[in-house]
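**Student:** Each chain, letter by letter, is given below.
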Amino acid sequence: MDSVFNELYQKYHHDVFQFLFYMVRNREQAEDLVQEVYIRVFKSYDRFEGKSSEKTWLFSIARNVAIDFFRKQKGWKERILEKFDWSDNQVKDDHPIPEEITVQREEVQWVYKCLENCTVDQRAVIILRYIHDLSIAETAQALGWTESKVKTTQHRSLKVLKRQMETLFEKEGKNSEKVRVER
Amino acid sequence: MKKSEWSDEELIQILRQMPKIEDNRHPHDVYQNIPRWKRKSVQWMFPGIAALAALLLFFILVPKFMDGNQQSVDKAAKSESAQSREMAEGNNTIKKEKSQDSTPDSPKMAAVQSNMERTAIYDDEIGNGQVLTFWIPDEQVSFLVPVSNIVAKSQGKTWMDLFTEKASELKEPEWGLTDYYPLNASMNLDQQNNRVLVDVPIGHQYGQGSANELGFMEILKKDVASNSTIKQIKLSTAGNDGIEFGNTGMTSELMVSNDKNRAFFFYYPQGSEKPFIVPFNKPFNDVQSALGAMKGDAPISGLQKSILPSFEIENVGNEGNTLQLSLKSNDQLEDNQQTLLCLEAILLTAKDFGFEKVAVSNSPITQIGPFDLTKEIQVPLAPNKRDF
Chain A
1 MDSVFNELYQ KYHHDVFQFL FYMVRNREQA EDLVQEVYIR VFKSYDRFEG
51 KSSEKTWLFS IARNVAIDFF RKQKGWKERI LEKFDWSDNQ VKDDHPIPEE
101 ITVQREEVQW VYKCLENCTV DQRAVIILRY IHDLSIAETA QALGWTESKV
151 KTTQHRSLKV LKRQMETLFE KEGKNSEKVR VER
Chain B
1 MKKSEWSDEE LIQILRQMPK IEDNRHPHDV YQNIPRWKRK SVQWMFPGIA
51 ALAALLLFFI LVPKFMDGNQ QSVDKAAKSE SAQSREMAEG NNTIKKEKSQ
101 DSTPDSPKMA AVQSNMERTA IYDDEIGNGQ VLTFWIPDEQ VSFLVPVSNI
151 VAKSQGKTWM DLFTEKASEL KEPEWGLTDY YPLNASMNLD QQNNRVLVDV
201 PIGHQYGQGS ANELGFMEIL KKDVASNSTI KQIKLSTAGN DGIEFGNTGM
251 TSELMVSNDK NRAFFFYYPQ GSEKPFIVPF NKPFNDVQSA LGAMKGDAPI
301 SGLQKSILPS FEIENVGNEG NTLQLSLKSN DQLEDNQQTL LCLEAILLTA
351 KDFGFEKVAV SNSPITQIGP FDLTKEIQVP LAPNKRDF
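Protein sequences, first through last, are from chains A and B. Numbering-wise, the first sequence is residues 1 to 183 according to our numbering. Numbering-wise, the second sequence is residues 1 to 388 according to our numbering.
The shape of chain B in the complex, shown without the other chains (with noise of 0.2 Å):
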């Protein structure tokens, strides 16, 4: 029976029936589970944690801003005492053009003097050591560079040991040479024979392609020419006779002729500003033709002109094995790196014209580097001196 009203009384009467509520756990439960420290501790363990690091954040974020500014002071700082550094050093080196134009033997021009470096090996520097002579293609491949060395004689090694030896401590990337070896093949020496035996590998790379393959067939040929007086090379590959060219077909033989007669140029790597002093292939029917091309840049690109304006020559002549030439009297004729390479251009020249000495005269200036112009200059041995 419902009822839609209740009084006081029922309704407490109801309330007194609510049913009575135990906990089920037994006592030691719940006396186990009764925390034995105090609840506040943990209150405000994480507000303290978060204060902390909030704190930690702090220290390691505000030097960092700190230091920006800093920074950016110091900086301001810097290039202030820059600028008053240059200022002084302008200063200093205004007094040192002073001291050094009413001394002209100061230090300075002594350290110019001894700056200024010849780049092909001479009959002075070679003591008991070997000239060995690699030719190596420039970066674009068009013509092949020589590159020398004086490097130590050692007994029962032959030219050819020390040749390979070397080969593979070539620098060439650094010179701003295309990087050619050491070669793949095996070169050695039939001294019986009197030649030089060639064996490359079966899928050997060479001869794929004309320039590859007179390039190696030319690169081999200077090498022998350059260091021994051998005039033949054998050819194989892994112990076969010849080699089998794309274009040339199966070759077993190369002949080699020493070049004569060739004009040699300037050619500058990228970045470089130490030239090579390299031959242009062609040959001249004279000395005098070859200076004459020599003033101007050879007909390859890549080749630079090495006879300079100011070094004008006006008479080439021959004495036996001298070659003399008179230079027009010219005031501009300096004694600095670039006279003293065109110098070592004509000697090379020179040099590949038969001529064992070459005679200056009528110049303005006594000295070109360490030559003495009053002398006979002896021409180099070997062009292009690079430490490998």
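In isolation and in its complexed conformation, chain A is listed as follows (with noise of 0.2 Å):
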């Protein structure tokens, strides 16, 4: 086995399945990209300046994947299907919630829930900031951004987290209410 390909799985892999993981919130789609980011790898290896980590590296490589994915599952079709079914545009959430989380407790459920209606940029950065625990700076070099622009897209998907699991909560506890009340 490539020596390279070696190192690199031993280092980063479940990293950089875990992010792509959470990012297109798919078990089987996180395994296809996962390939895809070594397929790029090797590719721009040897362009590869040591500027930043290789950690950093992979991240922002596994970044733009995933928004190359988000881009082609937006195809052509949906794209034009999309001006004309108005009703279509509401958020949707098609993907059943993984097996790995529905086993956790009910407030980390919400959570990975309400990280569907994060942007792309938000969700990257609260997973890279939060699940991954990179600092500032690194989440800045693997994003390609300013370090400012990190702190407020944190600030800003924390608050868009938050008022999500309020209105989250308050379905729930409708919902929970309701049960008691039956019982």
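If you're looking for bench data, these hints aren't it; they were derived computationally from the structure. Even glycine gets a Cβ: it sits at the ideal position worked out from N, Cα and C. Honestly, I wouldn't trust all of these hints.
Stretch-level coverage of chain A by chain B, calculated; a stretch enters the list once three of its residues show a Cβ under 8 Å from a Cβ in chain B [stated by the list, open to error]:
#1 7 to 15
#2 32 to 42
#3 52 to 64
#4 147 to 154
#5 159 to 165
Two chains, each in its own frame: build the complex with the hints.
**Tutor:** Structure (structure tokens):
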């Protein structure tokens, strides 16, 4: 096996996979996209300048792969249909919650659900900052942003998440209250 | 314990509790699944193929369209050239006619003469052959048409052998006649008793309908009369004596009599310009009345007059075996195919009345086709020569 691959796999594979998983919220897609990350890594490995760490470099590639994936998913068919089908513009959750999440406590599940409603950038910041525990500087490197942009995006995404959590809580709370009343 | 509000810190805490997700696949599998080939190559493949197909279609279709236009242009050009050619030809024919006027013995005249052909069979062409005549119903099956040809005699073969041989080679539909031969019967010569034996199989069609059975008997009699001197036909069915005819009843014998003193008429099958010269069955008392009848149509549909108004016979006389015809002096008589056919009908009629020669006098022309009117003309051996 390729020594470069071996090294990268040992060091970063699961990090990259986890990042993609939270980004696209689907294990199979994440598996496919990880392959794509490797292809791009091999294509541009000799161009890797070492300015940033290998880890942030890989994350930046993974982010680009994810963005390309979202773009592709929204293919020309969807783009055309979207123009005509106004009812389809609502946010929808067509991905079932993965098994790994459903076994967690309720609040974790809610956060996972609410993440869907963030933009791709907001989601990327939250995943990198809080799930992968990257510093502001590292996140800025991975996303190719300034640190201040990371800060504002992070602040804004937490706000969005909070609001989403509250609405979700209201909905879920009413449901559970109803259940309680019935008992 | 649930809360309806979270601080940033609490939210971050929850985020930190998000489960670690790992790729469960073996690294080897992951490595194997990395395509070595660039995806990009696949990306241009599809549009590339589509573009190629479009180009191909373009090159297939465009020449067609171009061709279509070209053809119409071609057609126009052709019709133009055809017109000009016609005009040129018109000039030529005019020239030709002019040249013919000035030289009567031009090749065209000769060609016309050679184009005129006799339709009957005459003594001078028989050579070593033998004449066979078949009587075939016309298209409407209302009368019988004699069709003859010269066949090569071969040793040991009787006329009956040749007759049955040739029966299958007749082209009745091509001639505009009813397909009748070969007969669904075996014909044999009984030379000892000088008779013809006709044997039909069981289930033959000749007994069905009076027209059918009369036609069959008539054809047998005429075939035998025309081709031999035999006077008797013996009939049998699958070897047993007699043939059962629906109307006539059981018949075991037919007597052959030579038809005589008939007049000959023209029969033009549909789409044909060359007539058959056909005898009408009713006998006449003398040749004069027969020739008179031939100026009009026969009283049966399909048989048309065979003597043209231009061929006006003033006097009919006879001297031994020669029929003497004296024509009214008439400028209209021309040496053409129609006149030749008319003369042949007269010759055949003369033969039916037992004449051997015909002499034509007082004619404005001396030649009709191959016949020299200054001499006595031999009557034909058999009518309507056709190849078979």
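**Student:** Check each numbered hint against the structure and report the violated ones by number, ascending.
**Tutor:** 3, 4
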